[in-house]
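As a plain string of letters, each chain reads:
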Amino acid sequence: MAYDLRDFVEGLRTAGELVETDDEVDWNYEIPAYEVLSGRFGGPAFLFNNIKGIPKGPRVLAAPFVGSFYRPHKKAALALGIDPNLDRTQWNQELGKRMAAMLRPVEVSTGPCKEVVKMGKEVNLLEFPFTYHAIGDGGRYIFISASIIKDPDSSWINTGNYAIEVFSRNRLVITPYQHTNFLAIYTNKYQARGQSMPVAVCLGGDPAVTMSAGMILPPGISEYDIAGGIRGTPMELVKAETSDLLVPANAEVVIEGEIRPYERLPEGPKIEAFGFSVGPRQPFYPIRVHCITHRKNPIIWDLHTSMGASSVALQESLANIAFLGQIKTFGLPFKMGDTLAPTRNGAVGIAAVPKKRYPEDYPGYTKNLYDIFLGLPGLGGTFGRHAFIDDDVNLLDLGEFFDALFTQVNPARDVTLTQRFPVTTLECSWMEEWDRDKNAGPGTILQPKQFFDATTKEEPPLGVRRLNFETVFPEKLQKWVVENWKRLGFKEEPRWNNTWLKAKF
Amino acid sequence: MGVNYWLYKQEFEGNAGSLDKGEPVVLEMMDQTDKIWKRAKVLLLREPAEGSTPVGLLGPFGEPHAEGKYHVKVLEISSSALEEEE
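If you read the sequences in order, they're chains A and B.
With numbering that gives the first Met the number 0 applied, the first sequence corresponds to residues 0 to 504, in that order.
With numbering that gives the first Met the number 0 applied, the second sequence corresponds to residues 0 to 85, in that order.
Certain hints may be false.
In silico DSS-like links for lysine-lysine, alpha-carbon gap of 25 angstroms or less [claimed, not checked]:
| hint | chain 1 | residue 1 | chain 2 | residue 2 |
| --- | --- | --- | --- | --- |
| 1 | A | Lys334 | A | Lys501 |
| 2 | A | Lys354 | A | Lys51 |
| 3 | A | Lys117 | A | Lys51 |
| 4 | A | Lys51 | B | Lys37 |
| 5 | B | Lys37 | A | Lys120 |
| 6 | A | Lys501 | A | Lys354 |
Here are the simulated distance ranges between beta carbons [what the hints assert, rightly or not]:
| hint | chain 1 | residue 1 | chain 2 | residue 2 | range |
| --- | --- | --- | --- | --- | --- |
| 7 | B | Pro23 | A | Phe329 | 53 to 61 angstroms |
| 8 | B | Val73 | A | Ile134 | 39 to 47 angstroms |
| 9 | B | Gly16 | A | Arg39 | 41 to 49 angstroms |
| 10 | A | Pro282 | B | Leu18 | 25 to 33 angstroms |
| 11 | A | Asp6 | B | Gly13 | 45 to 53 angstroms |
| 12 | B | Val25 | A | Gly219 | 40 to 48 angstroms |
| 13 | B | Gly16 | A | Arg419 | 31 to 39 angstroms |
| 14 | A | Lys503 | B | Pro63 | 44 to 52 angstroms |
Residues from chain B that keep clear of chain A, each with C-beta distances beyond 12 angstroms, as calculated [as the list claims (entries may be wrong)]:
| hint | residue |
| --- | --- |
| 15 | Asn14 |
| 16 | Ala15 |
| 17 | Gly21 |
| 18 | Glu27 |
| 19 | Met29 |
| 20 | Asp33 |
| 21 | Leu42 |
| 22 | Thr52 |
| 23 | Gly58 |
| 24 | Glu62 |
| 25 | Lys72 |
| 26 | Leu74 |
Hint data in this document are derived by calculation from the structure and do not stem from the laboratory.
Treat the numbers as computed from the prediction; the structure is a model and nothing was measured.
Every residue, glycine too, gets a C-beta built ideally from N, C-alpha and C.
Generate the whole structure from the sequences, applying the supplied hints.
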């Protein structure tokens, strides 16, 4: 039988990572507050069975992906049957291996997601315990889901995870950003032809689907195929009730609807994935909900986007591998990319690791590489700050990254400020007055981008030699000390970076 | 103090000329009970009056403020901010 959210809940319980309670809790602030506290110490997930004001049935799984600083992926790994003790490099290698073995989904005739079917006037989103996450939010939000759409000109099914406001009993407002395939398909195809776009917002099912939905993938690649690869078995899909969309048969809840051409409703402000509130309240894309199907006693999973909470941990778990997909698809000479949204910090843009080439092939090589990087929507197109570091600096260790940033950048030579580009408001804790009226699109402002070239510019010994455990001791000695570490009684992880140095992705 | 409704600051400012004028205005208010925006016809007031309720303002980046500084007397209110629901 296919793996689903309930299997994940049992996996969390078995691993000692779940707190379950029948005590009454409130969807209004209280459930999210437990997640935020849990995020402070890489704590447990919560299964709440008794939600204030909600007739018995729906439950809430909060903090499902809360991770630790060096292992943000620990619960994501549990969800995929991967050893949660792998370090970040090893996690990315394992995930990458699985993703490369994509498996097409299979269609089945029915599934648990059809246990309850509500159509038309029966639809009422307010029957579900969607949570209110923070003072100042402009509404209740779904922060974890898989929104399914289909390219009208091919068999490509696109799946994405977006912030979605619960607007009324039968309206959602979805907020895909400018770089997403979702928006390209809606704007360039359905809307341009004056057609409505069918959408299915799916909660639960195999976490592999939602995790794949959280990746920025090149156009044409279906997240269902990726999910099949990382699970090692094809996803089971069933036809939606009101369209030809295929949805996960074992989803907890499927919300079916349409986005009409040029229709907009106000959305926001809200907390967002990088640690602060994003606004203003502005026009986004309403989903007219025509049908809700769900399992009996559905589990609604919920994310919070504050520092250390599930949204950031999940993003950290998946971002590297998604960037690798872009890097490999476009044949770029990079080892890895990262959004630098560590579990206890907000975003500082994107960093990438050009494969070692110093001295440069020619003066200005790295800058030229940045120009190419800047032109790719999934890499340079989204954020406002970028940095390149050497490939022997562990991008997955924030300490090493900042060490490189502050010691390898000559301010007179290695910082570039570009012309103004569209940048998502996700990472901007400011918005100038003029941006409010002249923004480049929903969730986007125009601002210069900033590039830090933190690579070594000259071959040592002319350049600076980096001093760390891996560079100042012979490898044989490093191995000896790491092996003796626990024998000598130290409990802390030694965090030996040899896995990064040797890693090939 | 808690309030029953938030008004969006920019929309409130656009209607500030109607404060204490006795002219009904139609705007959106976020109901703090179900956290849903609702379309309402109201009188905007600086001081409490019979049948009025205090409100707060919501800034564009999620900054609630001025709680209880203004009041509304609700004349009509719908179940959402939509002109018409299906």
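Could you work out which earlier hints the structure fails to respect and list their numbers in ascending sequence? Result: hints 2, 8, 18, 19, 20, 23 and 24 break, sorted rising.
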